[in-house]
Amino acid sequence: MTDIKEEKTANRFGYSDALLDLIEIDKNIIALDADLAKSTTTFRIKEKYPDNFIDVGIAEQNLIGIAAGLSLNGHIPFVSTYAAFVAGRAFDQIRTTVCYSNLNVKLAGMHVGITVGADGPTHQMLEDIALMRVLPNMIILNPCDVNEAYNATVQAYKHKGPVYIRFVREATPILTSREDEFVIGKAKILRQGKDITVVSSGQILSNVIEACKMLEKEGFDIELINVHTIKPLDVKCIADSVRKTGKLFVVDEHQIHGGLGTAVFEALMLENIQVRSGIIAVNDTFLTSGSPDELLEKYGFSSVAVKYKIQSFY
Amino acid sequence: MKDYAEIAKTIRRDIIEMIFAAGSGHAGGSLSLADIFAVLYFGEMNHDPSRLQWEERDRLILSKGHAAPVLYSALARSGYFDPDNLKTLRKTDSFLEGHPAMKTPGVEVGTGSLGQGLSIGCGLAVYFKKRQTSQRVFVILGDGELQEGQNWEAFMFAGHNKLNNLTAVIDLNDLQIDGNVSEVNTIEPIADKMKAFNWNYEAIDGHNIDQIQNAFKNARLSEKPFAVIAKTVKGRGVSYMENRAEWHGKPLNKEDHDKAMKELL
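Residue numbers (this note's numbering), protein chains in the order written: chain A, 1 to 314; chain B, 315 to 579.
Hints are not guaranteed to be accurate.
With a straight-line Cα cutoff of 25 Å, these simulated BS3-like cross-link-like pairs (lysine-lysine) come out [stated by the list, open to error]:
id, chain 1, residue 1, chain 2, residue 2
1, A, Lys27, B, Lys443
2, A, Lys46, B, Lys417
3, B, Lys564, B, Lys323
4, A, Lys160, B, Lys564
5, A, Lys194, A, Lys158
Worth flagging that the hints you see were computed from the coordinates, not collected in a lab.
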């Protein structure tokens with residue numbers, strides 16, 4: 001099973017690390033932000049490559065339109081702001097301007113999930129996967145740590161067409177290395193097992209790994225899959241696994257409707273695979289302010305909570 | 315000297331034929347733009363229909379995407395595709411969608427959800443300017459469309475960045491689906507708004523060829539982004555459609571069609 005390093009880094013730094021490296025070789029990349037360059041870490045692009053950076057101010061609809069225009073004259077725009085304001089506020093701009101014309105625009109949705117914490121429900125984006133998943137041409141990446149975030153950003157650059165990448169605010173444990181292979185649409189089996197398939201991705205994956213380690217010690221034989229690409233989903237990898245184990249459990253730090261769980265369940269149904277299935281997700285509710293750890297605990301996403309939920313499902 | 319009035323008449327005839335054949339479409343807001351499109355595609359714009367991907371071309375974005383018929387006619391008549399295709403408007407498998415789409419030769423970007431074109435224009439213009447190319451970007455806006463807030467984000471951005479290669483044409487026909495723009499939710503005083511957003515502007519009669527040409531010339535020389543505030547008549551050229559809100563998106567029957575074509579001889 002994956003090692004969890006002591007060291008923690010916010011995965012959004014993987015975004016700007018990748019952009020700094022990419023801009024060095026391709027000056028057509030433009031980073032765009034909407035007054036959140038410090039939070040999104042794109043201030044680093046502004047410092048090093050001011051000609052490759054645009055801050056449009058607090059105007060997310062315009063932000064997407066400008067990115068679209070840039071893509072039409074050969075640039076590769078990388079747009080970053082809080083996920084709530086990209087996927088939420090600018091949804092129609094992403095749908096009608098970016099996805100309909102299949103423009104080469106990359107979207108970085110920062111501060112997703114519960115661990116935004118103290119800012120409260122307005123900023124805890126838990127609906128973005130559902131919104132982006134229904135858009136034709138859109139790719140969705142959900143990296144679990146700073147290195148996977150770096151690799152996801154590089155692969156987004158190499159892909160031609162719209163890509164939405166999710167990042168979190170908090171520093172999270174390092175689970176992968178930059179040298180690891182990252183292929184869009186190809187899930188990673190982190191541990192092979194016979195008894196149950198556990199599927200997750202994003203920053204919550206470290207808690208899931210811890211939970212699985214606890215279960216492993218108690219004799220449970222778990223197959224754990226990191227689905228870093230939510231769309232297109234690696235249906236074959238998941239289907240092959242559940243055919244073997246006969247049981248499926250999804251941990252998705254997102255609203256229960258429309259997230260990773262929904263994506264996996266509908267894909268398996270279309271494959272005519274019926275398995276006993278369970279999920280931990282946010283249960284169709286807005287959360288509250290609080291510290292990240294307290295909120296993870298309260299809503300059932302702590303490693304101990306994940307462990308007991310899988311155990312009782314088992 | 316090109317006969318822009320004659321070209322505009324051809325465009326108007328195309329609009330009527332297309333919408334009649336389609337059984338639906340937006341005649342009023344297409345007819346109001348025919349003279350402006352004649353000047354743009356047959357004079358003002360630097361473009362080459364034989365080289366679709368020519369990087370140095372000027373760009374035009376029809377933000378009020380429902381006026382697709384005027385764009386399609388201008389594209390066909392200037393050589394982007396055979397005008398015979400125009401009668402396939404809105405038909406299954408046609409490359410002429412109800413609202414502009416990338417699959418049509420000469421269309422730069424899909425539009426149709428109002429208020430988004432000026433931002434796209436800003437994105438094109440900001441790096442044309444940075445690269446110091448002489449390319450220009452034209453964005454065609456409706457007056458009712460300016461009720462969409464995103465336009466004002468874009469006006470602000472363009473003014474702030476002095477995008478003097480960007481020209482917005484505001485088709486001021488004072489009609490939207492639910493009635494007069496001035497009664498539904500007025501956009502006036504539009505000239506003062508342009509000034510306040512750090513744009514230059516010129517108010518013209520949008521059916522007067524000389525005034526249209528002159529405004530675009532002034533736009534070329536402007537040190538700020540430039541708005542052509544074009545007072546137009548919705549449905550212009552077809553007497554029974556002129557200034558009538560119901561002709562925003564009403565289909566034409568045979569009698570409507572014949573009457574219109576007779577007036578456009």
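The hints, checked one at a time:
1. Restraint check: the Cα-Cα separation between lysine 27/A and lysine 443/B comes to about 16 Å, which is no more than 25 Å; the hinted pair holds.
2. Simply put, lysine 46/A and lysine 417/B have alpha-carbon atoms about 36 Å apart, too far for the 25 Å limit, and the pair is violated.
3. Straight-line distance between C-alpha atoms of lysine 564/B and lysine 323/B comes to about 21 Å, which keeps the hinted pair within the 25 Å bound.
4. Restraint check: the Cα-Cα separation between lysine 160/A and lysine 564/B comes to about 40 Å, which exceeds 25 Å; the hinted pair is violated.
5. About 36 Å separates the Cα atoms of lysine 194/A and lysine 158/A, which puts this hinted pair outside 25 Å; it is violated.
Comparing the model with each earlier hint shows violations of hints 2, 4, 5; every other hint is respected.
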